[in-house]
Every structure is written in structure tokens, then in C-alpha cells.
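*Asks:* Number 328 marks the last residue of the sequence shown (numbering that gives the first Met the number 0); no jumps.
Do not rely on the hints blindly, as some may be mistaken.
Ranges between beta-carbon positions, derived for each pair [to be verified]:
hint, residue 1, residue 2, range
1, G275, P42, 48 to 54 Å
2, R305, N162, 16 to 22 Å
3, D236, T54, 48 to 54 Å
4, D236, K190, 43 to 49 Å
Hints in this document: simulated from the structure, not taken from any laboratory. On a predicted model such as this, the values are computed, not experimentally measured, just so you know. Using N, Cα and C, we set each Cβ at its ideal position, and we do this for glycine too.
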Amino acid sequence: MARSSLFLRCSACALLLTFGTSAQETQVTSESSIWDVNHPEGPTFDQIIDTREGTWMNVDVSPDGKSIAFDLLGDLYMMPIEGASTEAKPNPVIQLTSGMAWDMQPRFSPDGKSIAFTSDRTGDQKKGGDNIWTLNLDTGDLTQITQESFRLLNNPAWSPDGNYLVARKHFTSRRSLGTGEIWMYHKSGIKGGATSGVALTRKTNEQKDINEPVFSPDGRYLYFSEDASPGNTFEYDKDSNGQIYVIHRLDLEKGERETLIQGPGGACRPTPSPDGQTLAFIRRLDGRSALHLYDLNSGAISILDRDMERDMQETWAIHGVYPAMAWTP
């Protein structure tokens, strides 16, 4: 079987975006008004931005390999994988979401009919903050999967059967930096009364982050990254040439967890190939973030690109150490 081509990196898209909803000032009604992210009180205005490049963009490839989805400045877009429109071949970029809410991290469902994403839009019970949502690409219907106003969620990923989503839940204690756990939710979300979720990992302490969950193609394993630097508190002087983040693998059948990739330069954003034989990941190399491939059979590591966008291993990376990337089918 031919091996899948390595994933895409969306680095430049020419789009015209509009921010704001009205040039008119909105009348403040009362101090007891419920905050709605998409309809904030106070003055608003339109800002036209001619965008030639995007920074820190999450990208995914549709299961049929024909389209990519990506985020840009808080909105979601979809376009043909061969590129944007030309006079000879018009291929329109489709804007999937808009408005004041910040939408990011789109991930296609296994059947390609829906996209899961992170959004701070105001949801059920008028609660705002980062939660997981799904968008039906045929009807445009939105489903709120999680319902948190404090322990917020991000980085959704689908199970191979398309029935469940995993995401990173944020935990804080006395300090705002906090840590993370990986939780799993049924795709029915609020509509199906399934918002409580199940914890797949537990935080090791109050400051070391866990993030970037993703299933193996056969559904047996869960890959994720974790801050493995020494100590139980967040350090502000981490050595980027040493080991900060590592990649773990959780066996969902046996409940056993192992450290899969570690060492100098760390390891983050695990991304398994469609055949489950290779894991793409990011590691710091000579001060730069480099794209690596890990052979899951032999353990061999190879370098694919030495000049990627800078990762965030030293920082408080609650939305992920590196933007999501994807393989072609």
C-alpha cells in the first residue's frame, strides 16, 4: 500500500476579513445583562484587514483528501487542497464561522461530514469560555459538546469511529498557569445530555501541562504531549535545548501509559499517519523547531524539515505547544 504523503502546513492565504458587527454604538442596558461573546455591549466598528499570511494556524485535511480546513484570526475556513481560486480554475474559499467569537482548531470527523473545533462563543445557560463544538458541513448546524465556564477545553480530536471526541481540559489551583487533563465526550453533546465526559488522564501536579491528544487510527492508543521538566511548579527559565515536553502513549485497552518520545529538544504535537506506522512530531533542534518522523515499529527517528514555525515549549501553552497539522489520506 502506498504510503500517505506527509501533512500540510498552511502558511499563506490571501483573504479579506471583517471584524466587528456594527459601526453603531450599542446601548448598555443594565448591569445585570448577561454577557454574550457574539453580542458585546458598548461601541463596535468594522476593521478591514488584507491578510497575505497567517500565523499559528491549525490545519486539517478532509478524509477524502480534497479539502483542508484551517483557522485564521478566530474564524474557520475550508478550501480545496490544490489551492485558492484562479481565473482558469475558480475554487472558492468557504468561510465556515464568523462573528466576534474566537473559533480555532478545526478537525474533520472520520466521515468528513462534520468539523469539531474550539470556540469561546456563549453557549447553553449563557456560559462563555473555550468549549468544544461541532459544525455539520451539510446543514450548518452547531452542536455544543462541552459545557464549561471555568475548566475550559481545547484541542479536540475524533475517535476513529466518529462517535467520541477527546479534548484537553484546563485546571488551575492557586496560580493561573495550571495544568491539563485529557477528557472524552460523546458527539451528541448537550443535545444528547452527554456533557459530563470521562477523564482519560489525570494531572500529575498543579503546574505541568498535558495537551495535544490524538487517537491512533485503530483507536487503541491515545497520544499526547506533557511537560516533563523537573519539579512540581512552572519554571520560567527552561532550557529549550534540553528536554521539556515528551510524547506519551496511553493503551486504552490495558490502561497502561508509556513515554514514547523524549530526549534533548523535547517532543510535541504527535500526529499519527493514516496507516498507524509513523508518528510526525515537533522537536527543538539547534534552537529551531524541526519536523520529525518516528517509526512506530523500529523506533527510528528522521528529520523532515529543520525550519518550522517556533514551538512554545518554554511557555504556558494551554492551547497546545504547536499548531495542529495533518497527513493526507
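*Asks:* Under the constraints set out in the numbered hints, which ones does this structure not fulfil?
*Replies:* Violated hints (numbers, rising): 2 and 3; every other hint is consistent with the structure.
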